[in-house]
Each structure stands twice: as C-alpha cells, then as structure tokens.
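Trainee: Chain residues, written in single-letter form:
2 protein chains.
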Amino acid sequence: MSKKNLIVGQSGGPTAVINSSLYGVVSEGFAHPEEIDHVYGMVNGIEGFLNGTVLDFQEALPGEKLESLKHTPGAYLGSCRYKLPESLEDPVYPELFRRFEELNIGWFFYIGGNDSMDTVSKLSRYAAQTGSPIRVIGEPKTIDNDLVHTDHTPGFGSAARYVASTVREITLDANVYEKKSVTIIEIMGRHAGWLTAAGALARKYQGDNPLFIYLPETDFDQEIFLTNVEKALDKNCNIIVCVSEGIHDASGTFICEYDSSVGTDTFGHKMLAGCGKYLENLVRSRLGVKARSVELNVSQRCSASLISATDQQEAVAAGKFGVQAALSGETGKMVSFVRETTPDGSYKMSCGLEDVNLICNEEKTVPQEWITADGSDVTEDFIAYARPLIQGSISVPTGEDGLPAFVYRK
Amino acid sequence: MSKKNLIVGQSGGPTAVINSSLYGVVSEGFAHPEEIDHVYGMVNGIEGFLNGTVLDFQEALPGEKLESLKHTPGAYLGSCRYKLPESLEDPVYPELFRRFEELNIGWFFYIGGNDSMDTVSKLSRYAAQTGSPIRVIGEPKTIDNDLVHTDHTPGFGSAARYVASTVREITLDANVYEKKSVTIIEIMGRHAGWLTAAGALARKYQGDNPLFIYLPETDFDQEIFLTNVEKALDKNCNIIVCVSEGIHDASGTFICEYDSSVGTDTFGHKMLAGCGKYLENLVRSRLGVKARSVELNVSQRCSASLISATDQQEAVAAGKFGVQAALSGETGKMVSFVRETTPDGSYKMSCGLEDVNLICNEEKTVPQEWITADGSDVTEDFIAYARPLIQGSISVPTGEDGLPAFVYRK
Numbered sequence: 000m001s002k003k004n005l006i007v008g009q010s011g012g013p014t015a016v017i018n019s020s021l022y023g024v025v026s027e028g029f030a031h032p033e034e035i036d037h038v039y040g041m042v043n044g045i046e047g048f049l050n051g052t053v054l055d056f057q058e059a060l061p062g063e064k065l066e067s068l069k070h071t072p073g074a075y076l077g078s079c080r081y082k083l084p085e086s087l088e089d090p091v092y093p094e095l096f097r098r099f100e101e102l103n104i105g106w107f108f109y110i111g112g113n114d115s116m117d118t119v120s121k122l123s124r125y126a127a128q129t130g131s132p133i134r135v136i137g138e139p140k141t142i143d144n145d146l147v148h149t150d151h152t153p154g155f156g157s158a159a160r161y162v163a164s165t166v167r168e169i170t171l172d173a174n175v176y177e178k179k180s181v182t183i184i185e186i187m188g189r190h191a192g193w194l195t196a197a198g199a200l201a202r203k204y205q206g207d208n209p210l211f212i213y214l215p216e217t218d219f220d221q222e223i224f225l226t227n228v229e230k231a232l233d234k235n236c237n238i239i240v241c242v243s244e245g246i247h248d249a250s251g252t253f254i255c256e257y258d259s260s261v262g263t264d265t266f267g268h269k270m271l272a273g274c275g276k277y278l279e280n281l282v283r284s285r286l287g288v289k290a291r292s293v294e295l296n297v298s299q300r301c302s303a304s305l306i307s308a309t310d311q312q313e314a315v316a317a318g319k320f321g322v323q324a325a326l327s328g329e330t331g332k333m334v335s336f337v338r339e340t341t342p343d344g345s346y347k348m349s350c351g352l353e354d355v356n357l358i359c360n361e362e363k364t365v366p367q368e369w370i371t372a373d374g375s376d377v378t379e380d381f382i383a384y385a386r387p388l389i390q391g392s393i394s395v396p397t398g399e400d401g402l403p404a405f406v407y408r409k
Numbered sequence: 000m001s002k003k004n005l006i007v008g009q010s011g012g013p014t015a016v017i018n019s020s021l022y023g024v025v026s027e028g029f030a031h032p033e034e035i036d037h038v039y040g041m042v043n044g045i046e047g048f049l050n051g052t053v054l055d056f057q058e059a060l061p062g063e064k065l066e067s068l069k070h071t072p073g074a075y076l077g078s079c080r081y082k083l084p085e086s087l088e089d090p091v092y093p094e095l096f097r098r099f100e101e102l103n104i105g106w107f108f109y110i111g112g113n114d115s116m117d118t119v120s121k122l123s124r125y126a127a128q129t130g131s132p133i134r135v136i137g138e139p140k141t142i143d144n145d146l147v148h149t150d151h152t153p154g155f156g157s158a159a160r161y162v163a164s165t166v167r168e169i170t171l172d173a174n175v176y177e178k179k180s181v182t183i184i185e186i187m188g189r190h191a192g193w194l195t196a197a198g199a200l201a202r203k204y205q206g207d208n209p210l211f212i213y214l215p216e217t218d219f220d221q222e223i224f225l226t227n228v229e230k231a232l233d234k235n236c237n238i239i240v241c242v243s244e245g246i247h248d249a250s251g252t253f254i255c256e257y258d259s260s261v262g263t264d265t266f267g268h269k270m271l272a273g274c275g276k277y278l279e280n281l282v283r284s285r286l287g288v289k290a291r292s293v294e295l296n297v298s299q300r301c302s303a304s305l306i307s308a309t310d311q312q313e314a315v316a317a318g319k320f321g322v323q324a325a326l327s328g329e330t331g332k333m334v335s336f337v338r339e340t341t342p343d344g345s346y347k348m349s350c351g352l353e354d355v356n357l358i359c360n361e362e363k364t365v366p367q368e369w370i371t372a373d374g375s376d377v378t379e380d381f382i383a384y385a386r387p388l389i390q391g392s393i394s395v396p397t398g399e400d401g402l403p404a405f406v407y408r409k
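Those sequence lines, one after another, are chains A and B. Numbered according to the working numbering, the first sequence spans residues 0 to 409. Numbered according to the working numbering, the second sequence spans residues 0 to 409.
There may be inaccurate statements among the hints.
[To be verified] Straight line, CA to CA, 30 Å or less: simulated DSS-like cross-link-like pairs of lysine-lysine:
| # | chain 1 | residue 1 | chain 2 | residue 2 |
| --- | --- | --- | --- | --- |
| 1 | A | K178 | B | K347 |
| 2 | B | K347 | A | K179 |
| 3 | B | K230 | A | K64 |
| 4 | B | K179 | A | K82 |
| 5 | B | K230 | B | K178 |
| 6 | B | K230 | A | K234 |
| 7 | B | K203 | B | K347 |
| 8 | A | K409 | A | K203 |
| 9 | B | K289 | B | K347 |
| 10 | B | K363 | B | K409 |
| 11 | B | K230 | B | K179 |
| 12 | B | K82 | B | K179 |
| 13 | A | K409 | B | K203 |
| 14 | B | K82 | A | K409 |
[What the hints assert, rightly or not] Far from chain A, by Cβ distances over 12 Å, these chain B residues were calculated:
| # | residue |
| --- | --- |
| 15 | K3 |
| 16 | G62 |
| 17 | R167 |
| 18 | E168 |
| 19 | I223 |
| 20 | Q323 |
| 21 | C350 |
| 22 | D376 |
| 23 | P396 |
| 24 | R408 |
Hints were generated in silico from the structure; no laboratory data involved. Using N, Cα and C, we set each Cβ at its ideal position, and we do this for glycine too.
Please model the entire structure based on the sequences and the hints provided.
Mentor: Written as structure tokens, this is what we have:
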C-alpha cells in the first residue's frame, strides 16, 4: 500500500483543549510513518482549505514544539463557521475532493461540535457515493457538552472547572462584606445548561453558594425568582445565583430580551445587555438590595490556567483514537466517550465510535430528572456525573515575560 | 516589659494577596513570643471590631493551616467600608481604645487602601493625643496601585498578571476567525489606569494586540477612537482594545454614562451598562463591524490561579516588615515599597516606612509621560516598570473536589 497524507481541521468556537485534540491527531499521525506520510493542517477549517491554506505539521511544529499545543487555548489552526451545501450535487464537493487528491489525502479529521459533525457527515457520504477511499472522522469538541451519543465532550470539563472555580472565588469575594448582597453570574449556554449546572460543583457543603441555578431547560419565572431570593435573604447575607445566558420564560421569551426594547444608545441603536445585567437590575429595584452581575464571558472557553487534566488527557486520547480508527478502516464516525461501570464506583472512560449522521444537528440538554422540581437547582446525580470531569490541574509553562507561554501559528 | 497582644484587620475591596499580607503580619507576630502574646484578628474590620467580633489566630488557623492564607483570595477576616469620624473628639475613639485596653492590645495593623490608611492616620493621631502606647501601622493593599509614596502596592502585581494573561487569551480566542472583529475589554480603575495599562504586558511583539489602551488619565474622544479603530481595521483582522471603566471625555462625562439616560428596564428603572458594552455598540453601529465586549469584573481581584509569585512574596514581606517596625517603636506609618537601582538593572525591592498622613486620601495616577501623546497607549517606561511585578506563578493546591483548596473562616 502506498502512503497517503492526513489532514486535520478545527471548526466552530474554540475551547481550552481543542488543541489537545489536535495534538492527539497529529502525534498519532506521526506515529504511523509506514502508512501516513505528511500530516497537514487546514487553516481556518474547510473554508480556509477551499482558499488553499494548508500547513505541514513537521515544519510548523517540529519536535518538542508540538507538546505546547496541549496547554494553548484557542484554535491553533484557526476556525470557521461554514456550512457545506445540503445537496451533494453541489460543485463544491468535487472541488474539495479534487484538492484532497492533489494533496494525496487518505484521512480527514475535523474537530468541532454539531455543525462540524454536519461537515463530517456530508464529506463521508459524498466519499461513499463517489467511491472515494478517503476516510472521514469527527473529533468532538464543545464547552456546551451538547453532543448526543457521547457521555460528554472534550472542552466541557475544563470549562466546567473554570466555572466552578470562578464561582467559588466570586463567592469568597462577595462574602467579605456583612451587607446583604445578591450576585448574578451569567454563564454560557443558549439551549443547554450543562455549563451553568457546573456552578453547583463550587459548593463546599449543603446550603453553600450558589444558592440557585437556573438552566434553559426549564421556564424561568421572574416573580418566583424574586420570591426565592427574598426568602433566602432572610437566612443568608450574600447570595450567589448562576444563570444560563439562554434562560427564558414560559412564553419562550429570553429573559435578556426584557430590556432590549427600551435600551438604546445615543445614536438610537439597541443596546443588548445579558440576562445577568437584567436580573441584577431587577433584584436591586424590586428587592432594594445591593446587587451586581458578572458575565463569565469568553474566559470560559479560553482560560488555560484552569484546564482540567482529565479533560486534557481525554481530548488527546480522543484525537489518537480517531486516527487509529481511520487507519483500521472506519469512516463517517465521530469519536465518543463511554463511561464504564467499575466495581469500586471510580471513574473510567473509554473511547468509542458513533455514526456521525446520528449526531450532527442534534442537541443534548440536561435531563429533567437532574433538575430539581422547582427548576432552581440541579440534583446530586448531576454532581456525580460532572465531578470526575474537572479533576486534576495542569502546569502551564511561564515565559520570560511572566505570562503563560503559548504556541502560535506563524 | 509585660507582653501585649497584636490585632490586625482588613478593609476595603479584597485582592488576590490581601491574605498574604495577613499571613505576613500573623506569622511575624507568632515569631516574637517574648513580646507578643496573642495575635488577634478583627472580623469585618474596625466596624466589626466595634461590634465585638474578634478571633484568635492560634485557635482559628493553628500550625500549617496558616500557610493556606497565601493562596486564598478574598479577605479572610472579612472587610468593611467604614470611615471614622473626622473629629477626634467623637465618642467612638475612647470607645475603641477602651476595647483595645480590654484586649491588652499593643499593636494595631490595618491592611487596606486609601480609606483604610485614613483609619490608621486617625487612630495613630488619637493615640498620640491621648498618650496611648498602642502602635498603629498601615499595610498597603489595592489592585488599583493608586497609593502615593510607594513604588507600587501589594495586589497590583497579581491583578496585572490576571489582566495581561486574560487579554492574551482573549486575543487567542478572537484570532480564530478570519472575519474582522473588534473586542473591547473593560478593566477596573475608576480614576487610575494602572490596571488597564497592564493590558500592554500581553503583547508578544511590537504591533501585537491590544492595539489600543485608554486610561482615565486622559480625555477620551469617541470620534477619534472610531477613526483609530477604522484605520487599524485596514491592516488588522482582529482588534483588541483595553479601556478603563472610568474613561471620560473632555467634558468630564464618563463614557459609560452615554447610554444611561435612555436605557431602562421594563419597570422603568435605569439600566447602567459599562463603557465596554457602550463602545461595543458604538463600534458595531458606526463601523458596521463584528464587535463584542468583555468586562473582566471581580476576577481581577479574586483569581487565585494567576497570582504573581513576586506580588505574593512582597505582600508577605510587607506584613512582616510592618510588625518588625511596630516592635521597634514605629507608629502612624504605612509600609512602602522602594525600588532599588541595581548595577545589572535587575529588579530589587525593599520595604520602607512612610508617614501615613501623607498617604491617606491621596491618589497616584499613571504619569502623563508614560502615556503616548495621543492617549491611545502606554510607553515602554510603563512596561519596564510593571513587567517585574507580574513575574512568577504559584501552585494552588487542589482539593478532593477538583477545585482550588482555600481556607475559610468558621
């Protein structure tokens, strides 16, 4: 068998460990020199590839440099948000495969979430339809943890660890004053509340902050929320509330939309504040208590210092497993995580493969049985599920400038 | 000489190393058993002390536990914002000193910023006036770095390291897409721009992001800002801008106030967004480019994972130095940092003492010569000043729950 080349791309929003998955794919690619010749990276995903931007990892990250990917957040290869046409008759497909042939590609890997798995699905179906020997494998990635047919996704554990640690630190910060206060923490998640639920991991004992956790999986009632907070203020001095950015009421209206109709800047343009800012104002004006809000924002997906070692190791393992699967003939699959039942109840994860067509464009939300009946908290089942995923810290090397030393594309 | 007791309090907003200063005071207190009997902590500052809340460190944090203070953010003792009356004739002063005598206090330490130094000033003047032998020493603390008569303040280095690291990570995050974008990062600092200036430390080479840095020390012109950003978009894909929360225009109006007159929630209450959110909307609406804003918020002062080892060590040293100074008879002083001129140009800091009356209620801003003429950046002199303060990382122990293990008051 003559040697072929491997190509890998990254797509969608970055995470703290999307480059660990990349490291897994590339290092495993290097480990099979009898089958794989070059390991290429497409810059800015399939969109950049169509513009002809490709790099060779042997030149870009030789030797030890490759290791630095494991602690570098952001997408080393750059990303894109590009949806391939639904019709496989579209001329973009033969164009893509012509370029694959030019580069002698035998294996194609795409690291991303729902939308990226849609690309994997289409490319693998087109290959099957045209008899192309190219094998196409999806590598899961998303802080949202919303991919189906996998226990969880790489990126979630580190984001959850960031959220839990930061909620704990903000609690410490809030507790310094004796004056009653309410802090609203707004956490990423438009439709799935996994990451907001991770705020519960910050608790050190029952009844500890955050006292309330609101996910987009349930309807949010502003009056019940105010009553809950008011009652809690009787017994607690400083209250922390975690909310998903995507919380909405029973009518389906996002809570963040409640201020958008009236807020305009001096040029008459709408100012959109998040639901955290809205609830801060609501609590202050209705309950007359000191209130503030914190939007955790992009650090949730790009903070290196709170990477979960478990998440990082699993991202690398998923990358490697995907390459091994492709070499053994698999295609049209996404690497999944399967949680094993161990006799002593300890956490053990292994990699599996799932039909990518069953994954793309689907969304996994937090199950209702892991949310308390009143919708203001998550259950112990969620804690038991998520706790193992945030275990272990990594050491990020520091450069001469005193800051984390990351690796950058030239 | 009969033994006396030491008491220490924390006041004002917390920092990542305010507990390192506390560790310095308490451990040095323990190191002088021939002179110091008990080491007490006042809970919630002078306000809590008036309510009678005092703890004994030998009981609260025995043995090794004391060490945990060094990586615990927030104020272990709790804090307050309480201004003592201007008139030393006020009955609160004899009341305070009666309590000091009851507790056999010989040494009083207060860790805080401008306002806390005002407390130190008043208590030391009252002691002098009444012939009380109690020695009163101020320990500097503020992320704002705005205390006069000291090279810098404990707390600034860690906050600056958090800002610089996070700006670098947000830049990585912004760079993943090829679509032009502008990210506004809003950084703490109402009147002094030291912390915002620290965004410049994130640059890896000349011309790297953040491209613009705006401090409250200069007037901000919205039209010039838009022109600058528009020009920069010709040559750069993703632009990062750092702004102090306190930027204002030539009329003295805070930029964040430009939306406040029109933004109201559904109950008719004013919604105050920050200047970052305002500028995000301004850039999007006026330049038609993708824009987002990130408010770094309280993590600037409570993130443990990016504590600067230099800052931590100096906070401990300042704490210890203050106790030694008090034991040698000093009072009415604040511990200061003096930067030494070394033959090889390396960084060396020593502790000094300054008259607290010259420090309280004063504010040190970034000197105009460290800001570029057009007010859109800081100079190399600032970089040279700040770079040594963010050096070194610390290792925060992880608990069984996978999160940073802090120490808490019972």
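Trainee: To test your reading of the hints: which numbers does this structure violate?
Mentor: Checked against the structure, the hints that fail are numbers 1, 2, 3, 6, 8, 9, 10, 12, 14, 17, 18, 23 and 24, while the rest are satisfied.
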